[in-house]
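> Let the hints inform the model, and build the full structure from the sequences given.
As a plain string of letters, each chain reads:
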Amino acid sequence: MSNENTLSNNENDVSYLEYKGKHSGILGWLLSTDHKRIGLLYLISLSVFLIVGVTFGFLMRLELLTPGRTIMDPQTYNSIFTLHGVIMIFLFVVPGLPAVFGNFFLPILIGARDVAFPRLNLLSWYLYAVGGLLAILSILLPGGPADTGWTFYIPYSVRTNTNVIPALFAAFILGFSSILTGVNFVTTVHRMRAPGMDWFKMPLSVWSLYATAWVQILATPIIGITLLLVAVERIFGVGLFDPALGGDPVLYQHLFWIYSHPAVYIMILPAMGVVSEIIPVFAHRTIFGYRFIAMSSIAIALFGSLVWAHHMFTAGMSDTGQLIFSLLTMIVAIPSAIKVFNWVATLYKGSIDLQPPMLYVLAFIFQFSIGGLTGVMQGVLSVDIQVHDTSFIVAHFHYVMFGGTGFGFFAALHYWFPKMFGKMYNIKLAKRVFWAMFVGFNTLYFPMFIMGWLGMPRRYYDYLPEYQIYHVISTIGSWILVPALFLMFGNFIYALFKGAKVTEKNVWGGETLEWQIATPPVHENFIDIPIVTESPYQYKDNELVLQTQEAK
Amino acid sequence: MSIQHTAAAHIHRDDVASRMGMWLFLFTELLLFGGMFILYSVYRFTHPQDFHLAAKELNTVIGTFNTAILLTSSLTMALSIAAIQRRQKTLSIIFQLITILLAFGFMVNKYFEWGAKFHHGIYPGSDTLLSKPSGEILFFGLYYVMTGLHGLHVIIGVVIIAFMTVFTLRDVITHDNYVKLEAAGLYWHLVDIIWIFLFPLFYLIT
Ligand code: HEM
Ligand SMILES: [Cu+2]
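Protein chains in written order, with the working numbering: chain P, 1 to 552; chain Y, 1 to 206.
Wrong hints could be hidden among the right ones.
Said to hold, decoys possible - Residues on chain Y that point at chain P, a partial pick, calculated with CB under 8 Å: (1) L24; (2) F27; (3) L32.
It should be emphasised that the hints constitute simulated quantities derived from the structure, not laboratory data.
No residue lacks a Cβ here, since even glycine has one placed at the ideal position from N, Cα and C.
Now the structure itself:
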């Protein structure tokens with residue numbers, strides 16, 4: 001009996017960081033099924049891959065500084081843009097927010113002690129790690145890294161002699177990891193909500209993680225099988241897609257994008273959730289249009305599954321097909337716009353506190369709007385014929401994936417860091433870094449819109465002299481952005497060791513459940529499972545002040 | 001409601017959640033095969049004549065026999081769950097073992113079937129196959145990949161059921177805690193259902 005007491009004391013008094021379970025030391029982390037520790041495992045591995053991916057991006061930019069050879073040969077360039085894409089997509093943005101913050105905070109936000117399947121959760125991380133190792137192997141093995149682009153288009157991907165197979169298996173296994181996370185989150189949201197937390201009392205980031213999880217479940221198997229088939233085609237010479245064997249390469253593109261377009265919503269939805277979470281806290285206002293934001297996540301997940309062929313307008317498709325996909329593409333913009341309008345409406349008359357998380361969120365809204373609107377442009381058939389396969393596309397997806405999801409990730413990191421580690425980073429430095437990041441990002445990617453519009457093709461090693469001015473500006477942008485990124489990580493790492501200790505439960509004044517538990521959380525999150533009676537984001541005091549002001 | 005204390009939370013068990021998780025996973029399996037069914041439909045549509053000729057080369061007798069085997073194994077799997085619910089541990093184990101045996105029977109048939117094809121020179125990359133029209137190359141490509149992946153699922157199913165047998169022996173699976181066996185059963189039925197689609201598509205409609 002006394003034994004049991006000490007055990008529960010241990011659980012309730014010390015944070016999950018110090019908690020001693022069955023295993024200690026490093027094994028206590030590698031074998032832990034605590035969702036918070038798994039979240040941190042993901043955070044570390046994702047950050048490492050982000051830095052590797054950024055380094056490749058930086059090198060590409062350096063190469064493009066001058067026409068012709070600058071620092072590498074064309075084949076190396078091909079490999080580097082493939083690695084950059086594969087790492088950023090499959091190892092960073094797709095797992096991204098759900099793997100790190102979803103794991104850490106989803107159970108807490110719904111008042112649960114863990115996810116529904118903790119062991120499966122750990123398995124997902126191991127699959128992620130294996131996928132990452134395979135990706136690294138594909139770089140190191142003889143034969144040379146894959147040079148197909150992250151899209152592995154047929155027929156080149158069955159013809160090239162580079163290490164396409166390990167890269168394909170890496171993507172396959174990472175997909176499996178993503179599926180298991182999705183299964184876990186859907187079940188968790190259905191089964192583990194605290195008493196009283198009905199669907200419309202869930203924080204908005206839970207809604208978006210839920211919608212994302214469905215997309216992960218429903219879309220990922222398609223890419224899994226498609227990439228597996230490419231591997232089988234390469235290994236055994238089975239005729240499936242290769243036109244030499246009667247196959248249809250355009251069919252490959254369809255199957256690829258049936259996943260990969262929904263995948264962009266796997267990337268962006270969780271970031272939108274974080275934005276919806278942070279805005280009310282730093283505007284001290286109830287979120288405007290809670291139900292609209294929640295439902296638009298579901299609408300995005302639904303419509304987003306029906307637009308894939310907008311990546312293939314120039315690949316050969318019937319006119320009817322083109323029209324339908326063009327129309328559907330414009331329809332997806334509506335739920336996204338609904339979110340933006342609701343965020344802006346929440347900010348309106350709020351007392352906005354420009355803390356680092358909020359700065360990143362505002363940048364998210366700005367950059368995501370540019371990325372989203374140019375996306376609508378690309379959905380217009382006539383325009384797309386001009387901009388397809390130009391750096392306009394590269395600018396577009398970096399504005400959404402990096403300017404959107406990337407910045408959303410950083411916002412989440414700045415927002416939840418004190419809760420996760422009980423340490424505070426240097427806020428002043430964080431704000432300065434933010435501005436460098438913002439300026440660097442836009443300097444890096446905006447010129448790509450212009451040169452793409454003028455005809456600069458994408459994935460090209462060389463270019464005509466008239467494009468150089470844009471390339472130079474863009475490369476200068478990377479010289480601002482990359483150091484800013486390293487400074488940001490530096491700030492966090494410094495804070496981990498030397499940062500001011502935070503013991504306060506609620507550093508930012510949030511009203512969701514994670515701010516009502518200890519900082520950092522204890523092993524089981526809640527000593528007593530909370531009973532939820534109110535919707536999140538009430539900010540009653542503030543609303544009262546506002547109302548009296550308005551009455552005057 | 002205030003909370004019952006932590007010790008209880010460790011033996012957290014939610015059979016509904018487990019079942020739900022399993023169903024979601026099965027959806028993903030269906031979608032995995034769905035991708036290949038799309039390929040099949042498109043290529044059948046673009047090469048109807050070649051598909052017609054190629055399908056004639058498959059052995060309908062073996063196919064039918066294997067269908068019967070798998071259907072029976074689904075029955076024995078269901079019976080093993082029914083048995084454990086009635087606390088008949090030994091009977092449940094016997095049914096699980098029969099299921100495994102039937103699965104082996106299926107694989108042995110598959111082996112002979114594929115072997116015969118190989119013997120006739122019809123296998124991926126073979127000269128005989130490559131000299132055929134492209135629709136037939138695609139048909140046999142899909143045939144090998146789809147039945148191959150299905151076979152892989154059969155093997156995985158055998159491993160899973162074997163684990164269940166051990167669990168039943170060790171009383172991990174009991175009359176009031178059999179959700180694992182149930183999940184294995186669901187998986188096995190899925191393997192069965194996929195075959196139910198593969199069989200007519202490859203063997204029956206010509
Ligand atoms: C400092 C950071 C970054 C730099 C300097 C950078 C630079 C570039 C450049 C120059 C390209 C064009 C390659 C070409 O088509 O010729 C590219 C492509 C790409 N980037 Fe980035 N990037 C950065 C961050 C990111 C992030 C955070 C993501 C994902 C969230 C990302 C995802 C991609 C993808 C998917 C491609 C397409 C790859 C391909 O076409 O195969 N990048 N990047
Ligand atoms: Cu798309």
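> Look at each hint and say if it fits the structure.
Going down the list of hints, with the structure as the test:
1. Checking L24/Y against chain P: minimum C-beta separation of about 5 Å stays under 8 Å; hint holds.
2. A least Cβ separation of about 6 Å between F27/Y and chain P falls short of the 8 Å threshold, and the interface hint therefore holds.
3. At a threshold of 8 Å, the smallest CB-CB gap from L32/Y to chain P is about 4 Å, leaving the interface hint in force.
Against the hints set out earlier in the document, no violation occurs for any number.
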